[in-house]
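Engineer: Residues per chain, in single letters:
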Amino acid sequence: MSIISVRDLVVEYDGRRVLDGLNLDIEPGQITVLLGGSGSGKSTLLRQILGLEHPKSGSISIKGTDITHCSEADLNKVRRSIGVAFQSAALFNSLSLEDNVALTLREHTALAPSIIDLIVWLKLAVVGLADFGKLHPQELSGGMKKRAAVARALAMDPEILVLDEPSAGLDPIVAAELDELILFLKETFQITALVVTHELDSAFRIADRIAMLFDGKLLAVGTKDELRANQHPRVRQFLNRVPANPVHTPALASYLGRYVQSQEAQP
Amino acid sequence: MANVFERAGRETLSQLDYVGSLNIQLWATLRAMRKALPLIGNRHRWHAAVHQMLDIGVEALPMVALLAMCSGFILAMQGASELRRFGALHYVIDLVALGFTRELAPLLTAVAVSGRSGSAFAAEIGTMKVTEEIDALKVMAFEPVEFVLAPKYLAALVVVPCLSIVAGLSGILAGGLFMFFSTHLGLPLYFRYVLTSIELRDVVAGMIKSLAFATIITHVGCLEGLRVRGGPDAVGRSTTTAVVRSTFLVIIADAIFTTIFYFVGKT
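Residue numbers (this note's numbering), protein chains in the order written: chain A, 1 to 267; chain B, 1001 to 1267.
The set of hints was computed from the structure by calculation and includes no laboratory data. Note that this is a predicted model, so its numbers are computed, not measured. All C-beta atoms in this analysis are idealised placements derived from N, C-alpha and C, irrespective of residue type, glycine included. A portion of the hints provided could be inaccurate.
[Unchecked claim] DSSO-like cross-link-like pairs, simulated, lysine-lysine; straight-line CA separation at most 30 angstroms:
#, chain 1, residue 1, chain 2, residue 2
1, B, Lys1138, A, Lys217
2, A, Lys217, B, Lys1035
3, B, Lys1035, A, Lys56
4, A, Lys77, B, Lys1035
5, B, Lys1035, A, Lys186
6, A, Lys56, A, Lys217
[Said to hold, decoys possible] Beyond 10 angstroms from chain A on every Cβ pair, some chain B residues (computed):
#, residue
7, His1044
8, Met1053
9, Thr1131
10, Ala1136
11, Val1139
12, Met1140
13, Phe1142
14, Val1204
15, Arg1237
16, Ala1253
17, Gly1265
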């Protein structure tokens, strides 16, 4: 029984079809990586799954609730079991790191303040930021912000963790640390994770299943080995990093040569 | 020719769309406002509202008072230079007292608050939009209208009329000082004249106006913030639009209210 299932999802922006009849099942306790180039519809699919936008048609059900046709109250109930770390971290700039992590605990639970402090400390310790709780987001480096966003996503012990481009813009060491963290969370908490990325190394390190998006459609879904064996030209192109519109070097060289000649010909 | 009609139609539709969004936002905020009230609401929202009250009200107090005193002097001097020719210098008292309670105190306060706080609302919410903080609020099962807008609106409704009272007192005091220096009329006697010329109806009219102005400034500022699409440059543009639109709408509303009070007062 899949925990998230997307059925025939169609999304259009101003008549332009961004997702075209997409089907995807995400199994509990697994790390599913959503792979795809820029503009392939990854972020759109993510926003749909989080209920931030409404699709043109199709449905998405999370833990048995159809979030495209449910009330705001039901949607919020579903959202409490999802932790999200946004691409830009999206930490609240007016709050300290501790308060950022504590926000949902303070407002959605009736826990005592001392318990909340303990949970916040634990979550920050998991991502290695236990000593930085008093700092504000603008005082942190990019990598620390991303990790803090993961800590905030973990605050309510979610069943589903959604990470949007966790390693984009990070140096390889921090990106690798983040990968290890995601694997650690899966092993320790049996968390279901949906990770959106376009970094191949990271994807093949952490994924149980990889779904590859292209032009609003799912090109391939499967384990790492199944994807490596996939012979679809677009999949091969993505995995082997072949440019789609290669610059024609001989043509460019002859063009430049002619330009130089014409410049020299002038007195 | 068709082009002109086309453009006029499109412009009209976009303005109607704006007014419609403003209305929807106003009702949504009013519905969420119960949560921001002390004792019966959510105490975190009430704390935020108190914070906003300090920000919108207390910090603007010196500026509004000084602004009103200068305007009081200007009004008294301009009035005196004409009224003196008819030997009717004592009418300056009525001019300043009525002018400030009915008209200038709410209007000056509105202009000051729209410049200080209306722009700040647009910038704050616009930045939250750009950095995905609004989306983060939604996926953390918070209602942005309740979380961000309701405390601001509550604070403005409490604080703008208070500021308006301070502005009225400052302006009338400035008129008294002018009368003292030009005709040696004692301040106690001046205030007794002021009290005889003002009726309760004038004070109520001024308060109604300042409540309406507070509504316009908060909602235009917040709506401009929420309509931000794109990057940091859009935030900058939204703050400018917030100030221009709210000042414009405040003056339109003032004209409407003054007309209503004029005809109601005649009967």
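Engineer: For each hint, tell me whether it holds in the structure or not.
Structural biologist: Hints and how they fare:
Using a Cα cut-off of 30 angstroms, the hinted pair Lys1138 of chain B and Lys217 of chain A holds, with the two alpha carbons roughly 27 angstroms apart. Taking the CA atoms of Lys217 of chain A and Lys1035 of chain B, the gap is near 43 angstroms; set against the 30 angstroms cutoff, the hint is violated. Note on Lys1035 of chain B and Lys56 of chain A: the hinted pairing is violated, with a Cα-Cα distance of about 33 angstroms set against a maximum of 30 angstroms. Taking the CA atoms of Lys77 of chain A and Lys1035 of chain B, the gap is near 19 angstroms; set against the 30 angstroms cutoff, the hint holds.
For the proposed pair Lys1035 of chain B and Lys186 of chain A, the alpha carbon gap of about 38 angstroms is over 30 angstroms, so the pair is violated. Distance check on the hinted pair: Lys56 of chain A and Lys217 of chain A sit about 15 angstroms apart at the alpha-carbon level, within 30 angstroms; holds. For His1044 of chain B, the requirement that its beta carbon stay farther than 10 angstroms from each beta carbon of chain A is not met, with the minimum near 6 angstroms. With a least CB separation of 16 angstroms from chain A, Met1053 of chain B remains clear of the 10 angstroms interface cut-off, as annotated.
At the 10 angstroms boundary, the C-beta of Thr1131 of chain B falls inside the reach of chain A, the nearest C-beta of that chain being 6 angstroms off. Not every C-beta of chain A lies more than 10 angstroms from that of Ala1136 of chain B, the closest at about 4 angstroms, which undercuts listing it as non-interface. Not every CB of chain A lies more than 10 angstroms from the CB of Val1139 of chain B, the least distance being 5 angstroms, so the non-interface label is violated. The claim that Met1140 of chain B lies off the interface is violated: its Cβ sits roughly 5 angstroms from the closest Cβ of chain A, which falls inside the 10 angstroms cut-off.
Its beta-carbon lying about 7 angstroms from the closest one in chain A, Phe1142 of chain B breaks the requirement of being farther than 10 angstroms from that chain. Remark: the non-interface label on Val1204 of chain B is consistent with the geometry, its nearest Cβ contact in chain A lying 37 angstroms away (cut-off 10 angstroms). With a minimum CB-CB distance of about 20 angstroms to chain A, Arg1237 of chain B clears the 10 angstroms threshold, and the non-interface call stands. Interface exclusion of Ala1253 of chain B from chain A stands, the closest Cβ pair being 31 angstroms apart, more than 10 angstroms.
Every CB of chain A lies more than 10 angstroms from the CB of Gly1265 of chain B, the least distance being 46 angstroms, so the non-interface label holds.
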